[in-house]
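Each protein sequence line maps, in turn, to chains A and B. Residue numbering for the first sequence follows my numbering, beginning at 55 and increasing consecutively. Residue numbering for the second sequence follows my numbering, beginning at 4 and increasing consecutively.
In case anyone wonders, no lab produced these hints; they're calculated from the structure. If a hint is listed, it holds; no wrong ones were tucked in.
Some chain B residues near chain A, calculated using beta-carbon distances under 8 angstroms:
#1 Y9
#2 L17
#3 I21
#4 G77
#5 L82
#6 G83
#7 I102
#8 V106
#9 A151
#10 S152
#11 T212
#12 P232
#13 G251
#14 I254
Using C-beta positions, here's what the derived DEER-type ranges look like:
#15 B:V91 to A:I113: 18 to 28 angstroms
#16 A:A128 to B:G226: 24 to 34 angstroms
#17 A:A128 to B:L63: 38 to 48 angstroms
Far from chain B, some chain A residues (derived; all Cβ distances over 12 angstroms):
#18 Q274
#19 T276
#20 K309
#21 F351
Just so we're clear, the structure is a prediction, and the values are computed from it rather than from any experiment. The beta-carbon is built from N, C-alpha and C at its ideal position, and this holds for glycine as well.
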Amino acid sequence: MREISVRWPARQAPDLEIGRKQSLAPTVKRSGLVTALLVGPAVTMFFFLLILPLVVVLIYSFGERADAGGYAPAFTFENYLNLGARGKAFFNTLTLAPLATFVTILFAYPMAYFLAVKCSPKWRTMLLVLVIVPFWTSQLLRYYAWMLILGSKGVPAYLAMLAIEGVRIINTPFSVLIGAVYGFLPLMVLPIYVSLERLDKGLIEAAEDLGATPVRSFLQVTLPLSLPGIATGSMLTFILLMGEFILPAFLGGGKVFFIGNALVDLFLQSRNWPFGAAVAMALVIIMFVTVFAYMRFVLRKSGVRNVAMV
Amino acid sequence: MIMRAYAAFIYAFLYFPIAIIVIYSFNVGRYAMDWQGFSLQWYGTAWNNPFVMDALKNSLITAGSTAILSIIVGTAAALGMERVKSAVLRQSFDALVYIAIIVPGIVIGISTLIAAVTVFDLINPFLASLFGGNAPPKLRLGLWTVIASHVLFNLAVVVLVVRARLASLDKNLLEAAQDLYATPFGVFRQVLLPLLLPSIVAGGLMAFTFSLEDYIVTSFVAGPYSTLPIYVFASIRRGVTPEINAIGTVILVASFTLLIMAQWLMRREE
Numbered sequence: 055m056r057e058i059s060v061r062w063p064a065r066q067a068p069d070l071e072i073g074r075k076q077s078l079a080p081t082v083k084r085s086g087l088v089t090a091l092l093v094g095p096a097v098t099m100f101f102f103l104l105i106l107p108l109v110v111v112l113i114y115s116f117g118e119r120a121d122a123g124g125y126a127p128a129f130t131f132e133n134y135l136n137l138g139a140r141g142k143a144f145f146n147t148l149t150l151a152p153l154a155t156f157v158t159i160l161f162a163y164p165m166a167y168f169l170a171v172k173c174s175p176k177w178r179t180m181l182l183v184l185v186i187v188p189f190w191t192s193q194l195l196r197y198y199a200w201m202l203i204l205g206s207k208g209v210p211a212y213l214a215m216l217a218i219e220g221v222r223i224i225n226t227p228f229s230v231l232i233g234a235v236y237g238f239l240p241l242m243v244l245p246i247y248v249s250l251e252r253l254d255k256g257l258i259e260a261a262e263d264l265g266a267t268p269v270r271s272f273l274q275v276t277l278p279l280s281l282p283g284i285a286t287g288s289m290l291t292f293i294l295l296m297g298e299f300i301l302p303a304f305l306g307g308g309k310v311f312f313i314g315n316a317l318v319d320l321f322l323q324s325r326n327w328p329f330g331a332a333v334a335m336a337l338v339i340i341m342f343v344t345v346f347a348y349m350r351f352v353l354r355k356s357g358v359r360n361v362a363m364v
Numbered sequence: 004m005i006m007r008a009y010a011a012f013i014y015a016f017l018y019f020p021i022a023i024i025v026i027y028s029f030n031v032g033r034y035a036m037d038w039q040g041f042s043l044q045w046y047g048t049a050w051n052n053p054f055v056m057d058a059l060k061n062s063l064i065t066a067g068s069t070a071i072l073s074i075i076v077g078t079a080a081a082l083g084m085e086r087v088k089s090a091v092l093r094q095s096f097d098a099l100v101y102i103a104i105i106v107p108g109i110v111i112g113i114s115t116l117i118a119a120v121t122v123f124d125l126i127n128p129f130l131a132s133l134f135g136g137n138a139p140p141k142l143r144l145g146l147w148t149v150i151a152s153h154v155l156f157n158l159a160v161v162v163l164v165v166r167a168r169l170a171s172l173d174k175n176l177l178e179a180a181q182d183l184y185a186t187p188f189g190v191f192r193q194v195l196l197p198l199l200l201p202s203i204v205a206g207g208l209m210a211f212t213f214s215l216e217d218y219i220v221t222s223f224v225a226g227p228y229s230t231l232p233i234y235v236f237a238s239i240r241r242g243v244t245p246e247i248n249a250i251g252t253v254i255l256v257a258s259f260t261l262l263i264m265a266q267w268l269m270r271r272e273e
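Modelling step: build the complete structure from the supplied sequences, incorporating the hints.
Written out as C-alpha cells, the structure is:
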C-alpha cells in the first residue's frame, strides 16, 4: 500500500498522455497502477479486517479454552463435536427463522401487491418510502417498543380489562415471531414490489381475455413471475434473522435465544473463545449454504446473471 | 377497498411502536407504559446526563469518521473496479464485497475482536520494550477498533451503491470529455464526480446511519468505549425511565431526516 503511493507521482505524467490518446476506449486501463491505487485501500481493508480475522476465527475453532478464558493453541475437533451443547440455540434459530420468514412473506405479499398494482402512481413513491423507513431506524428502539407493547403492562394488561386474564406474550416464541415479522416486513415488501412492478401487465390481460378467472390468472401468471422477488426477500430476511441478537434478547428474554445470543455469551461472558469460534463458523457456513441455494434457484428461474442482492 | 384497509393496517403496525416511544418520552411518570401527564423533563434529564452526552459525542465521531472513510475508500474502489478487465479479479472483488455483507454483524464483531486482541498481544510487548518506563504506549480496544469494524461493512454498502450508479451512467459523456482533451483527472472532477455525487452522498448517509445505530459489532470491539446504542442497551437492561424514550425520539427524528434525505437524493438521480 504505502510502497505504491510513494512510487505513484513519478509515473503519473506519462499516464496522462496515454489517457488523452485513448479516446476510443476511454475508461479502459490507463495504467494498472492507478487502478491498484484506487482499489488497493478497499482490498487491503477487506483482507486485514475481514478475511484474515475469519481465518483466525477458523484457527481458534480448532483450539482449546485457556484456563483463564480465551484461547490456547491445539488441534482438536472437540469444539465442533460439542456443538450439541448449544443445540437449543441452533434449534430455536433454525425453526423460528424459517417460520418467521414464511409468515413475513404472507404479510408482505399483499402489501407489495397493493403498492405495485393497486395504489395510484402519484402516491406510490411516498408510500413505498414510508414502508422502508422503519427498517433503517434503530432496531434497538423498535424492539424495545415491542418489549413495552407485549410486556405485562402492554397488551396483556388491556386483555385483562376485557376479562381475559393471565395472558403472557413476552419471552415466548410467539413474541419473537411478532418482532421478526415487524422487523423484516419492509425488507420483504421491497423486492416483491420490484418484481411485481416489472411484471408485464399485458400478460394478465391476455390471461383474462383467454377466460382465466382473476384467481387463476394470479396463481398462474402473477405469482410465478414474482417468485424471484419472494426468493430475494426471503434470503435477505433469513440470513439477517439467523444472525439476530437484539430481537431474541429483548423479546425472548433469555428463554427464547438464538445463535447470536449464544455467541455473545461465549465470547463476552463465559469466555470460551474456541467453542464460540466453532459456533460462529457453523453459523457462517449455514448462511453461505443458504445464499448459494438462493443463487442457484434464481439463476435457474430467470437465467439472469448479476442478481442484485441489496 | 380491502387492499387499502390492509395497507392501512400495515402502516399502523409499522408505526405504532415508533409512536409509543415518542409518546412516552413526554411522560411525567418514571415508568414506561404508565401515563402520568405531559412534560419535557426527560429531555432535560438526558441533556444533563454526562454519560449520555459522552456517548452521543462518541457516536457522532464514530459515525462521521465511518461515513467519510467509507465514502473515500468505497468510491475509489468502485471507480477502480470499472478499469479492471480481468473477469477473475472482478469476481474476486465481488466475492469480497458480498462476504462483507453476508457475514453477520455478530461474526464481524467477533472476528475483529479476536484479530485485534491477537495483534495487540504481539505489538504491545514490543512497544513496551521500545519505550520502556512505567507507562509505555499500549494499543487497546476503543474508538479505532470500532471505526475499523464499522468502515468494513459500510464500505461494502458504498461500493454497491456507487457501482449501481456507475453501471447506469451514460459512458458517452466520459468519451466526449476525453475527445475534448480533458485530462483523466479533469474527466473525474468535472464529469464523473458531479454525476456520482448523489449516490456517494446517499451511500455516506447510509453509512452514517448504520454506524450510528449499530449495537452488536460495537459491543464486541468497543472495550470501555461507549456509544449511544451501548448506553441505550445497558439502560434497557437495567430497567428504563422515559429518559431512554427521550433519547430514542431524538435518534428517530435524526435518522428519519437522514434517511429521507438519502432516499430523495437517490430518487432524484433516476
